[in-house]
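Student: Sequence:
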Amino acid sequence: MKSFRTITLLFIMCAITAACAASKANKKEDADIHYKLGVVHLNEGNIPDALKELTAAVETYPDDATFHNALGLAYFAKGMHEDAIYQFKKAVKIDPKFSDAHTNLSAAYLETKQWDAAVLEARDALSNIFYATPEFAYFNMGRGYYEKADYLKAEESYKKVIEANPRYLAAYNNLGLTYMKMNRDKEAADIFKIAIKNAPNYIDANYNLALVLLKIKDKKGAAGSFQEVIRLAPDSDMARSAREYLELLK
1 MKSFRTITLL FIMCAITAAC AASKANKKED ADIHYKLGVV HLNEGNIPDA
51 LKELTAAVET YPDDATFHNA LGLAYFAKGM HEDAIYQFKK AVKIDPKFSD
101 AHTNLSAAYL ETKQWDAAVL EARDALSNIF YATPEFAYFN MGRGYYEKAD
151 YLKAEESYKK VIEANPRYLA AYNNLGLTYM KMNRDKEAAD IFKIAIKNAP
201 NYIDANYNLA LVLLKIKDKK GAAGSFQEVI RLAPDSDMAR SAREYLELLK
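What the sequence shown shows, in the numbering used here, is residues 1 to 250, in sequence order.
Subject to a maximum C-alpha distance of 20 Å in a straight line, what follows is the list of computed EDC-like cross-link-like pairs (lysine to aspartate or glutamate):
1. Lys153 with Asp185
2. Lys215 with Glu244
3. Lys89 with Asp63
4. Lys197 with Asp185
5. Lys197 with Glu163
6. Lys27 with Asp64
7. Lys159 with Asp124
8. Lys78 with Asp49
9. Lys250 with Glu228
These are calculated hints, taken from the structure and not from any lab test.
Go ahead and model the full structure; you've got the sequences and the hints to work with.
Tutor: Written as structure tokens, this is what we have:
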């Protein structure tokens, strides 16, 4: 009789375990639906609906790092950086090797001017040798070092961006700005020109080239670059500033 009761108890426990596993699997399936809908809304720029669906995904199944990362991206797009940080932290706690989440957390720290934390998270992203897009982490690292006025490390980081992805044009622009801070103006001009060669309509690089040419007394070159800024974006703040510089150059 005792043996029968033991077998019965084991059967009940197994049944409960199986039911719990099935319930968890069902929750994961439901959460996946919310997640996929949320990502569609996020990609379309429909942030309110993205937040709604991704929050539902996280609440339904809180153990998936990708759900928290996506919700963090939605908060980031909304400008709710502290909420984004909270979700990215959840993601990397669940999966410490989730490099994209580390990089996103780094970006959120940059937005909240937490430079040291931004650099550390970028470094954590890069600690995963299988990270497919290290240029994003290196770029964030460069921004953090730049804001910390550690220009040598910023230079090193931006060069690694370009090495990983030579078409990452913002890295050329930021490297040029870094050179300007280091009074390496000729190198800055050269790097801005590379960015413009690859993207002639890159207004930031055109404007920064004008500034550095003005700094090295190339007034004709500066005037040409300022005129290009005005042509590219006549109603922009940079164009208004360019017109003011052109008046001074007359």
